[in-house]
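A.B. asks: Quick note, in this note's numbering, the sequence shown goes up one by one and the last residue is 1185.
Everything labelled a hint here was simulated from the structure, so no lab data went into it. Beta carbons: idealized from backbone N, C-alpha and C, even for Gly. Do not take every clue at face value.
What the hints assert, rightly or not - Here are the in silico distance ranges between beta carbons for each label pair: (1) D1032 x T1104: 16 to 24 Å; (2) K1044 x R1000: 23 to 31 Å; (3) D1032 x K1083: 23 to 31 Å.
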Amino acid sequence: MSEVTSEDQETETESCAEDDVEPKLKYIRMSNDLQNILNKDTISCIAVHSKFLCIGTHWGEVHLLDHQGNTVSQKANVPHHMVAVNQISVDGKGEYIGTCSDDGMVIISGLCTEDNNQKINIGRAVRSISLDPLYHKSGSGRKFIVGDNKLSLYEKTFLKSLKATVLSESEGNVSSMAWNNQFVAWASALGVRVYDLSERCSLGLIRWEQPKSLSLSDFRCNLRWSNSTTLLIGWVDTIRICVIRKRNSIEVSTRDLPGFIVDPVSTFQTDFFVCGLAPLEANQLVVLGVPKERDLENNKSLRPILSVLLYKTCDYVEICTDSLSLRGYQEFHCNDYSLDCLIEENQYFIVSPKDIVVASPYEHDDRIQWLIEHGAFTLGTLTTLMIVSEKSMEKPNFREYSRGSLESKSTAPKKPHHFLVILITTAPGNLPQRSAIRETWLKNGYLWKSDIPYDANAVYTPLYDPETGFLRPETPDMQAYNLDVYKKWMKKYKTINPELDGQEEMTNLSVVHYFAIGTAGLGRSEISDLREERKKHKDILLLENIWDSYSNLTRKLLESFHQLHEKFSFDYLLKCDDDTFVDLAILLQDLQTYHANLKMVYSRIDNQQPIPRLYWGYFHGRAHIKTAGQWKEQNYDLCDKYLPYALGGGYVVSGSIISQLSDQRVSLKVFRSEDISMGTWLSAFRDIHRRHDVRFDTAFTARKCQSYHIVLHKRRFEQAMDVISVHGGRYSLVSVARLYLDHLLTLGLYEDAAKLCLRAFGNDKLLWEEEVYKFVKVQQLRAVSMYLPRSIDCKLNPHVYEMVLYEYLKLEPPGFLALIKEWHPMLYNTSAVINAIQDHYNEKDKNVLLESLAILYSHEKKYEKALAMYLKLQHKDVFALIKKHDLYSVIHRMIVALMQLDTEKAIAMLLEKNKISPDVVVAQLETREDFLYLYLDALDRVDPSGKFHWKIVGLYAKYAREKLLPFLKRSNKYPIQEAYDICKEKLYYPEMVFLLGRMGNTREALSILLHKLENVQLGIEFCKENDDMDLWNDLINESLDKPHVMTKLLDGIAGYINPELLVSKIKLGQKIPGLKKSLIKTLKDYSLQVTIQDGCNQILVTDYFNLHEKLYRTQQKAIHISNDFQCGMCRRSILAKESSLYNSSQSNGKHDIVAFNCRHVFHENCLPDKYVEFCTVCKSSKK
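Put together the whole structure using the sequences plus the hints.
C.D. replies: Here you go:
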């Protein structure tokens, strides 16, 4: 064993007492800035990345260092906790750091950006955290997993909200965690569990035994993924290696189990407590541990050890063990140490609270130096090391290696044998077609799922004609009979029978498939993609020397035959294109039946004839030689027509034919079309059974689809779906539709893909939710938006609709608004969509976004915000919104904005009865007198109260003077003095005259008319209205020195004053134009007035006397009183007998009656006073 001294930076190895063992690892203590950190603090955890180290301390600090221990400067702030950091996780690219602590905080910090930072308060101690290795990718969902008393997956939705999903609970605290691609492993009180994030299911629990006299919870579980499927677990003193393997597909489908299973391949117990482990080489581990024993002298801890172990199923072999002298090791325990590594660089970081030591494997120079220093150096050793060193520096021949994977050497063992090899010619870029074939007829296509055996009578077995020595052909009648037998069998054929396993029928059939692709002339990226596809699917045949083009198709076919022949031996080969669909199970049954019949028949025939070799397909024997186009043949000189050949969309040939063609490939004449070439090559052999079969629809132009077809070429997905819809079959409509959907999306036919979803998925919620994410990847949710189900019966997850809205929001805002208007708000989370709009708000799409916000706020019944959006937008729908939802109470502060939007509609709304108080409106419009004028003007027409007439005066004076004077005349609910002051300020003389008249200052009013307005006619009219003699005198006095005024006065005073008054004041000798005419007119008017007055007086006197006489005669008439009359007081008959009216003691023999002209009568005794002058009923005078 060797020790690491605490004094030296370069660690040394020392010989142990027993022997000198060549070390496996070398050590270097990390220093520089790390030492300054450790002088003040201690390390609690570490995360190693290829770019840097990230260490957490017991004081809650996080430091970034390079691999030499120097502080890395960064712009972004690293996390900080209140107490010790429990775990650090770094994403795959080294752009984000996640930390957790006992303070309950989970912090994710970006080193380059703060856009995706997270700070979550869990509220309890968090022991573990793990970032998605793809956290840095924008479309990854920014996932991370947190472990406290449960395991929770956090991921961002497309609207940037954080969604938490509990993956496991009720198993105790999660103490450690490791994430690798789709699998995550974590340790709890029960053991270690592995979870598949793709299928969202647990793959099983690896239970851990409780150690004797110790508690499992006192030890940290150490988890490490050595590769994508191998998990290393070290807990207490036990190490377990587990492999994730894929289950059998039948087991998964029949038993409803997860697609993967955790398989422990090795479990063993160590002599020390495990502090960390990491992979080294094949079946080798690097394990950091602490001895179980303690120092006998002071009962303190012994030095930690680093061991290299070779593990087996239930045991291990110790290759080497080094004892490490880390600073302060005596005071530390098992959980204080940890081990991290960079697998690709073979570096192992040994961490204690006060030290970090880096271990790495010995290199050849190190070995040589060690051997020299320890006296173990020999010439043989040197030679061996030099050879190894030179070999390691040679560059591998990748081309030779690649070719070797396909070509068999002469010394290779016997080639694998298969019943059928399927060769599919395809172009480099046709990945969608290859994927479609893999997922349809190649996927479980070999399994026979029917309880009806194949009818052997449907297969023709060829025999030789003894006379000619040639094979007897199958006549058309025989072909029709065989087809009829097959059709009858098809009616009995059960395409799906879950009770049958289906594999027993065909257990002896081995089938493999390969896609042939020429790679000559391709770019590096294309070749790299093809190699990755080959690595993944192991079904790609790369032809390095073949240019992949139609003109080179025949050579491509020959090279494919040659490589397959070199690789395998096989009975038959099916050649088809990547647009061919094969019912493989039926083809195999037919082929197996044919093969069995052929062997049985020819094993009984004792002759020397060769066993027929099969050439099976749809034959064409009348094709003319092409002289133009892509099929043009320039060297076909055998005949004026092509020799019979099976159409190239799909045909089957015997393996011996392929062997023969492969051997003779250099000598064969090559024609442009590969199927014509095949027919020509085989035309000379008499043992070729040309089996013409109408079930092969392999022409360039497909025939009408029939249910009996087993090979279909150039058959579109639509036609395949039609066949399934009508005839059924092995494949479901949905499975074909899914492949067709992938195909359409690959071609960029997004609208057709969306229509296909509607046709194939209908109202199947689960199918929609699964397939719609394919549109997300190509950012074409817009294409499928109009086809998404939105009914109550088939309402998808709200996230689906939100994703559609989000894509529209980012790429096509007008379409986003259209969907907001069209879709019911119950389909999606309106709050989430509002947040998305706010995050993506921009001035360019301002109008669209504001209208969208208004609609969404309306859906949330936040009408005030909706109104605010409409007003910002200046959208007139705001009035309809107010009326629809009776929002009058929330628009008080928006009145000015509403008036700005549409004054007419706003005023009409404000005048609605009992909706908004005029006081509120007037208060809000104080700052906008123009709007206040319009509102009060309209209010005055409907509200007679005149409450705001005092404001209207000033507003009319400013905005509508023509309305001012009529308003002043019809209203008396305004302060006259204020109104006069306003008019005086603006020199509105007519209005001033009117107001002065109302105030009684008529003389000043007249002065304004005469001096300011200089309008005598108005002065005359003013005097007429007031009929004040003083005014007339003032007017006359003002007119004496104005001859033209005198004339107007003479014309206008008739009937109001005596013209003599005016005439008497005319000065002698004063010249007045038109005086004579005016005087004549005045005298005539005055004479007429006097005549009219006399006539009126005469009429009045006559009427007086006539009416007086009439009144006298009327009052002289008698008033008839009958028994029907009642006393107006006692309501008894006026002619009642005395005894009924008075007591005998009161009777004096008189019962007078009082009658009034109004026809009311009373008993005199009933009246309070017999001398009353008026009727007590109507108060009319007595007759």
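A.B. asks: Provide an ascending list of the numbers of those earlier hints which the structure does not satisfy.
C.D. replies: Violated hint: only 1; rest satisfied.
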